[in-house]
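J.: Single-letter residue listing:
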Amino acid sequence: MDVSQYLEIFLDETNEHLQNLNTQILSLEQDPENMDTINEIFRAAHSLKGMAGTMGYKRMQTLTHDMENVFSEVRNGNIKVKADMIDVLFQCLDALEEYNTNIRESSDEGTNDNGALIKRLNDIMGGGSGETSAPAPQEQAPQAQPEAAAVGGGFAGIKLNENQQSVLSEAIKQGKSVYGLTVKVQESCILKAARAFLVFKAIEETSEIIVSDPSSQDIEDEKFDLHFSLIIVSEAALGQVLSAAGAVSEIEDVSGSVLNLDDVGTAEPEESHAAETTEAVPEAPAETTPAEAAQTPAETAPAEAAQAPAPAAAPAVKKPPVNKPVVNRTVRVDIEKLDTLMNLVSELIIAKNSLVSASAMSGNSSQAVNEQIEYLESVTTSLHESVMKVRMVPIESTVNKFPRMVRDLQKKLGKKMELYMSGEETELDRTVVDQIGDPLMHLLRNSADHGLESAAVRKERGKPEVGSIFLDAYQDGNNVVIEVRDDGNGIDTKAVKNKAIERGVITPEQGEAMSEKEIINLLFNAGFSTAKVVSDVSGRGVGLDVVKSMIESLSGEVEVKSKLGEGSTWTIRLPLTLAIIQALMVEIGEEKYAIALGSIQTIEDILPSDVKLVQAKEVIQLRDLVIPLIRLNEILDIPSKKDPEENLVVVVVKKGDKLAGLVVDELIGQQEIVIKSLGKYISKCKIISGATVLGDGEVALILDANSLI
Amino acid sequence: MNSMNEVEELRPVGETTQFIVIKLGDEQYGIDIKYIDNIVRMQHITRVPKVDDYLKGVINLRGEVIPVMSIRIKMGLERDVETKSSRIIILKLEQQGTIGVIVDEVREVVTLENDRIEKVAYDSKDENANFLCGVGKSEGGLISLLDLNSVVLESV
Numbered sequence: 000m001d002v003s004q005y006l007e008i009f010l011d012e013t014n015e016h017l018q019n020l021n022t023q024i025l026s027l028e029q030d031p032e033n034m035d036t037i038n039e040i041f042r043a044a045h046s047l048k049g050m051a052g053t054m055g056y057k058r059m060q061t062l063t064h065d066m067e068n069v070f071s072e073v074r075n076g077n078i079k080v081k082a083d084m085i086d087v088l089f090q091c092l093d094a095l096e097e098y099n100t101n102i103r104e105s106s107d108e109g110t111n112d113n114g115a116l117i118k119r120l121n122d123i124m125g126g127g128s129g130e131t132s133a134p135a136p137q138e139q140a141p142q143a144q145p146e147a148a149a150v151g152g153g154f155a156g157i158k159l160n161e162n163q164q165s166v167l168s169e170a171i172k173q174g175k176s177v178y179g180l181t182v183k184v185q186e187s188c189i190l191k192a193a194r195a196f197l198v199f200k201a202i203e204e205t206s207e208i209i210v211s212d213p214s215s216q217d218i219e220d221e222k223f224d225l226h227f228s229l230i231i232v233s234e235a236a237l238g239q240v241l242s243a244a245g246a247v248s249e250i251e252d253v254s255g256s257v258l259n260l261d262d263v264g265t266a267e268p269e270e271s272h273a274a275e276t277t278e279a280v281p282e283a284p285a286e287t288t289p290a291e292a293a294q295t296p297a298e299t300a301p302a303e304a305a306q307a308p309a310p311a312a313a314p315a316v317k318k319p320p321v322n323k324p325v326v327n328r329t330v331r332v333d334i335e336k337l338d339t340l341m342n343l344v345s346e347l348i349i350a351k352n353s354l355v356s357a358s359a360m361s362g363n364s365s366q367a368v369n370e371q372i373e374y375l376e377s378v379t380t381s382l383h384e385s386v387m388k389v390r391m392v393p394i395e396s397t398v399n400k401f402p403r404m405v406r407d408l409q410k411k412l413g414k415k416m417e418l419y420m421s422g423e424e425t426e427l428d429r430t431v432v433d434q435i436g437d438p439l440m441h442l443l444r445n446s447a448d449h450g451l452e453s454a455a456v457r458k459e460r461g462k463p464e465v466g467s468i469f470l471d472a473y474q475d476g477n478n479v480v481i482e483v484r485d486d487g488n489g490i491d492t493k494a495v496k497n498k499a500i501e502r503g504v505i506t507p508e509q510g511e512a513m514s515e516k517e518i519i520n521l522l523f524n525a526g527f528s529t530a531k532v533v534s535d536v537s538g539r540g541v542g543l544d545v546v547k548s549m550i551e552s553l554s555g556e557v558e559v560k561s562k563l564g565e566g567s568t569w570t571i572r573l574p575l576t577l578a579i580i581q582a583l584m585v586e587i588g589e590e591k592y593a594i595a596l597g598s599i600q601t602i603e604d605i606l607p608s609d610v611k612l613v614q615a616k617e618v619i620q621l622r623d624l625v626i627p628l629i630r631l632n633e634i635l636d637i638p639s640k641k642d643p644e645e646n647l648v649v650v651v652v653k654k655g656d657k658l659a660g661l662v663v664d665e666l667i668g669q670q671e672i673v674i675k676s677l678g679k680y681i682s683k684c685k686i687i688s689g690a691t692v693l694g695d696g697e698v699a700l701i702l703d704a705n706s707l708i
Numbered sequence: 000m001n002s003m004n005e006v007e008e009l010r011p012v013g014e015t016t017q018f019i020v021i022k023l024g025d026e027q028y029g030i031d032i033k034y035i036d037n038i039v040r041m042q043h044i045t046r047v048p049k050v051d052d053y054l055k056g057v058i059n060l061r062g063e064v065i066p067v068m069s070i071r072i073k074m075g076l077e078r079d080v081e082t083k084s085s086r087i088i089i090l091k092l093e094q095q096g097t098i099g100v101i102v103d104e105v106r107e108v109v110t111l112e113n114d115r116i117e118k119v120a121y122d123s124k125d126e127n128a129n130f131l132c133g134v135g136k137s138e139g140g141l142i143s144l145l146d147l148n149s150v151v152l153e154s155v
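In order, the protein sequence lines correspond to chains C and F.
Position 647 of the first sequence, counting from 1, maps to 646 under numbering that gives the first Met the number 0, and the rest follow consecutively.
Position 14 of the second sequence, counting from 1, maps to 13 under numbering that gives the first Met the number 0, and the rest follow consecutively.
Hints were generated in silico from the structure; no laboratory data involved.
Because the structure is a prediction, the values reported are computed rather than measured.
All residues carry an ideal CB built from backbone N, CA and C; glycine is no exception.
Misleading hints may appear alongside valid ones.
[What the hints assert, rightly or not] Incomplete in silico selection of chain C near chain F, CB under 8 Å:
| no. | residue |
| --- | --- |
| 1 | I686 |
| 2 | G694 |
| 3 | E697 |
| 4 | V698 |
Could you put together the complete structure from these sequences and hints?
T.: In structure tokens, the structure reads:
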């Protein structure tokens with residue numbers, strides 16, 4: 000059976016269910032009696048089981064089945080939620096996660112049976128209730144008969160158009176038979192569309208499907224409840240068709256009967272009979288279960304059909320509105336498609352820029368052309384913004400796993416701690432959200448392991464026994480800031496310094512001369528771990544240097560502030576978007592550079608005499624602030640073409656709460672630019688964050704204001 | 000040495016390899032055609048500050064930003080002088096991606112039978128020999144075949 004086309008959906012949904020389970024079990028731990036939570040968990044476990052079964056992942060199915068059993072008992076009040084049970088459940092989630100990873104990598108669930116876990120689950124069942132043999136009975140109970148019957152005559156409700164009628168009569172002339180089928184999918188079935196597809200396939204082997212209700216498109220989109228009906232033309236016997244369709248797993252029932260052309264043909268004129276005949280409708284097909292049909296092929300069916308010439312009249316009596324399929328208002332889109340879209344938008348903006356500069360060059364542009372160009376400009380800008388927004392997802396999906404992780408850490412480290420999160424709804428580019436998880440996890444582990452003191456020490460120091468870790472995310476201009484903060488010990492700069500000297504990172508003399516800040520920055524050096532004992536949690540060699548380089552690879556930066564005894568704050572600053580930004584174009588000598596508008600504070604016109612020297616460094620004073628000056632022409636090795644007597648054009652940029660004044664020769668103007676990577680071949684240049692193609696086809700470099708400060 | 004072994008494996012005797020013959024100064028060099036993506040006219044190169052001398056900067060090739068390097072500077076020859084016949088050859092390499100190299104002139108395409116290609120003896124004194132993977136004999140004279148990987152490789 001080929002289910003590979005559903006693999007992607009399966010993986011996505013499994014992830015969602017697992018995440019949901021994680022969250023719910025966590026809250027269950029806080030509030031063991033909450034029925035809503037228990038029900039939610041039961042549902043998620045049940046769905047997982049169904050999905051794993053559909054996809055043929057037996058081990059995953061077994062494990063979720065046993066989990067579901069436990070919850071079913073909890074739900075029935077036979078077992079109380081206990082701490083050790085929560086632990087086992089979390090371990091089960093980890094095991095499921097592992098299956099999921101295996102499936103993602105190799106589309107195979109792997110060979111780990113997790114027998115021990117299953118045994119523990121069963122122990123919980125046994126210990127808690129004594130009636131271990133009651134695994135969710137409601138599952139096996141066949142779905143209420145009347146419901147099935149009510150829609151049983153579904154195929155009879157199909158209206159045929161003239162075309163289809165003529166096809167049918169043609170087929171009957173050729174000696175083929177016309178059957179009506181109604182298929183009922185099991186309630187627990189997750190991928191109903193997949194099942195329907197398999198039924199279609201099975202039927203198509205022997206027959207031709209003339210029409211289906213709902214339409215095949217709707218069935219494909221899963222816009223049907225549990226039933227769908229078909230009218231088919233076949234040379235095979237009815238029983239054969241029914242058993243073929245019934246053989247598809249998770250199909251609860253297939254019923255059908257032979258139709259003769261009169262039935263279908265006279266559908267509309269016979270409306271008047273509708274009322275009387277409706278009674279006959281439910282009975283006929285509902286009785287023909289697959290098993291029966293297989294034993295008694297064809298013969299019984301015609302009889303029934305003859306006995307009830309009415310079914311075809313049913314359209315008059317509207318089918319009771321079966322739960323309307325909820326039309327999903329969202330679409331899952333492959334991230335690659337979004338990337339392509341983003342690239343196309345980039346191309347469009349470059350083309351727009353070229354148009355702008357071409358029209359400026361030709362000089363004789365009319366009013367109309369200018370207006371249209373302005374219109375185009377606003378359209379491309381909003382297009383870019385929309386595409387960017389589509390790519391933005393809340394960081395929630397990434398940070399949601401942290402409460403669980405902190406809970407595990409607490410047990411592992413034997414410290415008491417609590418994680419407080421805020422701003423989970425802050426949105427970031429999907430690519431960034433996917434990759435920010437690891438660095439954040441590392442910082443949190445770091446805070447838990449190195450930052451927070453043990454309960455005893457905390458008590459001694461007059462702090463609350465339970466340590467707090469905060470994860471705050473918020474938007475700040477064109478950046479998103481994520482802070483990891485703890486109220487622990489803070490960074491012991493002396494210990495760091497000694498360690499650095501011991502490791503040969505710095506010499507003792509260098510150590511003496513270093514400021515606190517410089518010492519703290521040593522932590523980001525490769526292979527630097529200050530924990531005196533290497534624990535399972537941190538100090539595995541994956542150091543803060545990796546955190547730093549990962550964040551930098553996302554064009555972000557990380558900073559740390561710490562006060563000994565009071566705690567530390569790690570601040571991660573990430574750009575909102577990676578592809579297109581508003582920038583200020585400046586000229587230095589003969590070269591053009593772009594500075595991201597988001598990092599610019601103000602632009603100042605400064606008299607050369609206002610430049611002061613502080614510690615041999617040039618500074619300017621601006622509204623009570625002393626701002627260091629950076630002469631870009633010197634940093635970039637460009638001969639300035641400006642007279643030193645002229646006023647200085649200073650672009651004041653900010654990074655966090657730090658400011659710096661960049662001296663440029665001339666301002667060109669604001670422009671929307673598409674960021675292109677310089678490639679790894681030219682990666683040495685830290686002060687350049689990328690390049691962009693200007694309207695005239697020339698390449699301009701983008702200055703990274705952050706690295707200049 | 001490694002690259003030489005590879006070259007041997009890739010070219011069984013009797014088969015042929017095509018090279019584009021370029022000029023740097025008075026000497027002719029050959030570049031294996033399979034690495035060449037495109038040959039473009041000399042154009043404005045945007046300088047990138049704070050990088051090695053031989054990296055001349057970046058150009059815009061159909062909307063993509065491509066780094067450009069000077070083989071001359073890399074090989075320790077005199078600096079490039081831009082003339083009408085100067086070209087940038089766009090190479091597509093597995094490791095480094097797309098890179099442009101500046102040459103004085105593109106002359107022709109030659110097809111060399113593999114038994115007409117001779118390996119160069121490794122001579123540590125002659126630095127430029129490190130950039131070669133062989134010498135080909137064609138009617139137009141001897142052609143030094145460039146080992147692109149070592150030409151393009153970042154100098155330490």
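J.: Give a verdict on every hint.
T.: Here is how each hint holds up against the structure:
no.: 1; hint: I686; verdict: 7 Å, holds
no.: 2; hint: G694; verdict: 11 Å, violated
no.: 3; hint: E697; verdict: 6 Å, holds
no.: 4; hint: V698; verdict: 4 Å, holds
Checked against the numbered hints listed earlier, the structure breaks hint 2 alone; every other hint is satisfied.
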